[in-house]
Amino acid sequence: MKTRTIFGSVVVFFAAIHFASAIGGIETAPPASAPHEITFVQPKEARLENGLRVIVAERPGLPLMAAELLVRTGAEVDPDGRAGAASMTGSLLTKGTEKMSAPQIASAVESLGGAIDSGARWDASSATVVVMSDKAEPALSILADVILHPAFKQEEIDRLKNQTLDSLRVVLQQPGALARFVTDRVVYGSGEYGHAAGGTMETVEAIQRDDLVKLYKTYYTPENATLILAGDLTLEQGKKYAQQFFGDWKAEPSASQEPARSKAADWKPENIVVDMPEAGQASVTLAQPSIKRDSPDYYTGLVVNAALGTGFVSRLNREIRIKRGLSYGARSAIDSRRSGGSFVASAQTKNPSAAEVAGLLQSELKRLGTEPVQGAELKSRQAVLTGGYARNLETNRGLVAQIASLATYDRPLDTVNKFIPAINAITAADVSAFAAKYFETPSSLVVVGKAPEFLDALKKDFADVKVIPQADLDLNRADLVKVKQ
Amino acid sequence: MKAFFGLVMLCFALTPALCGVEGPAPTQAVSVPPLPFKHMTLPNGLQVYTVEDHKSPTVAVQVWYHVGSKDDPSGRSGFAHLFEHMMFKGNEHLTADAFDDLTENIGGENNAFTAEDVTVYHEVVPSNYLDPILWAEAERMSALALNEQNFASERDVVKEEYRQRILANPYGEFYLDIDRKSFAVHPYKRPGIGNIAELDASKLPEVRAFHSTFYRPDNATLVVVGDFKQEELDGWIKKYFGAVSKPAEKIPRVTVNEPPRKEDKLETSYSAKAPLAAIAITYLAPSVRSKDAPALSLVEEILAGGVSSRLYQAMVYEQQVAQGVSCSADLHEDLGLLVFRAVLASGKSIEIGKKSLTDQIENVLKNGVTEAELAKAKNRLLTSKLLERETANGKANALGEAAVVYGDAARVNTDLAMMQAVTAAQIKEVLNKYITGKKKVVIEYLPESMKSARKEKSEKKS
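Protein chains in written order, with the working numbering: chain A, 4 to 488; chain B, 754 to 1215.
Source of the hints: derived by calculation from the structure; they are not laboratory data.
In this text the structure is predicted, and so the values were computed from the model without any measurement.
Every residue gets a Cβ at the ideal spot worked out from N, C-alpha and C, and that includes glycine.
Be aware that one or more of the hints could be misleading.
[What the hints assert, rightly or not] If you want a taste of the chain A side facing chain B, the calculated C-beta under 8 Å gives, among others:
| id | residue |
| --- | --- |
| 1 | P38 |
| 2 | D269 |
| 3 | G314 |
| 4 | G390 |
| 5 | V468 |
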């Protein structure tokens, strides 16, 4: 029999144990004492005359400062056929300015003991630097230079293209990574989030310097940007730095037009297998469109997702890892963005168990509706979220990332201290309503692996399985299949 | 995730770098505040290190057992790591969910890792849960719930971990090869993640024996950092851990000595999964306890730490022969390896890649490093130590590593001063000490497509 209960194993164990006295004479865990209240520093903000928003989280203690210059536009504006353009624009910021070459930028920041990084994600682009706080001025001076005066030299574009292509060659040989590319297409189709944020082999080749310069001129403006500083400094110091280094950034007349995209309204679930002959494991994913960041159901979604797939004792890990040993770890996520969102549940397993894992992912998703998350389970999932949130905010980098997310999605800064109460206010009824509202629609299935080892079994439980040989896969198309020449 | 660690995965292929142009490196103005730790030894031999710190209402608890993958029994590669997973199965008083109930379910976290010399169990909990988590750690030190069912199921999880880390990764076998081919006899040569056959061969009585042999108070170090009252904490530690008995048997230790290498070796293998060629050059290096260790950590920074490092600058940026490079001084308790690695850019031959890497090594052996490079490396290490100490868990990691792996807890505070005192002349000297006149192992890991290309070439030659 495949299923067993945790109780069963403990009972068997009683016969085997050879050491019976309880530690400290206590046979069950001693009780916890009263909890200690947790609050986070409230970020403060100001605005420069050119429109740049400045946010400072004052956190004295260790002599460190983390900084991020955030631009509230990212890979969602990649032109058609140029997937990866926003990412490349972001990466090239630190690869040369009018005054400094790429090696000079790197050497200057690293000599300060820090690191500078830039790039784009969905809905945002950014450059970040972390240094000891006594080196804030030289570090911010370099951060401003890369944001205000990037050179986009052809030589650096070519170099970055080659590096990106080589990275893609490696990434596309990994079943889990390839499944994520496919899943984005399955959820968003030809919509703004459907393409690969980092590009594909074909689109990276196609990107021209003009694409990058155009994206930069359109979106890298002070009105569309936020400077976030956290660490051993005050708002006054932060404002002074912002004025000193970003005060000359010219406000451009904002003419940005969001490209028109198809909506996800016509979304239909499908079952896709990518046959990867060399796959050392199968990656199994269930996915569907989900809520946007400004949805009133956002916090409920986090709790529902935590019950399903966050942590060792989430439902997916209980069934797939703990009870059956089928995976090193299963997980799920709701990724809520400005104008769309996705729900993804996934696990990697040996090729022959792919169908079993696919069935378990599906039955656990259904069970959210039939066996409500309530009582101790609900409480524990709220604690997973609030505890993880608090740990993330312990570091300056974590705090900056959280503030950046709030700034990206126009959430008020006092949300920093409202997250924990908002999570704790979610009820079992909220969770059930969410499951009924969003998980009635079946999800899509994506399996990337050695198809001959699981396809027959998979077809027993999943209808209309579309099998795409790895060699025929085209990530640039919503239907994922190469056009035959 | 009850996770295996000590395997550096693809990270190095993504390390950016550029170098050559040297900005003036500023002088030190800040320093890392020392960790004011307290130490006690219980009568049963347990070592205890604590740091009271009320920055956030949480506390980090770690138990370091001085047993690692080098102690895997013969024919049981991967056993110490498999055993680590079994430590979460509870006992007569601890349910199988106990650790999750006392961490994850109340907003904390728990995990563990197995390295070459140590196995570490770590938790972060809201500080009002410190008392029960200490009790639970002491409980699993004293006894474990083991049965065929939970053993078979957890072994399957570990096999999936192996598949995920090694089989599903185009360079998984390459990483394993570095240790496998570099050590002649020392058990460091055996991958800590093991292999499917030896995991399958492992038996339940061996798990019980491993617990009674190595999981004992006189082979363990408890580290607690965070929001507690010292007197209350000491009372709980004595009550719970003091109740664990110390066995009379001696703790077995690995005594194998790795002999000096007699000749250079070239090891070539081919992969159907790897799209790009990879190469590693290794030399034997000293123990992490050696006085050369601080200089070697600076060597890592200068050669491959960050975008302006030498290897990245030369091989990735200027020559564009490599997609990624790394230099690591993988120093363990008994000895270590100095490893130079590169994943080549597509279209570059292994000969060109090897020559480029070798040229860089020879250059630094001959000409040493600049003062600016050294100052930059010191600043980078200093910042990374500060970042580590932002959290209670980071502080506990640093303290545990110094106490158990370095064999001297004080090094958590003295290493930085030692590192600051290293001169450019010492960097050159220490590199020459471990490379010049010493034998190297070269590991080539090539795409299958290069096999036929090479064969044709050698046929033409003959």
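For each hint, the structure was consulted:
1. P38: holds (5 Å)
2. D269: violated (34 Å)
3. G314: For G314 (chain A), the interface hint holds, since the closest Cβ of chain B sits about 5 Å away, which is under 8 Å.
4. G390: At 3 Å from the nearest chain B Cβ, G390 (chain A) passes the 8 Å test, so the hint holds.
5. V468: violated (22 Å)
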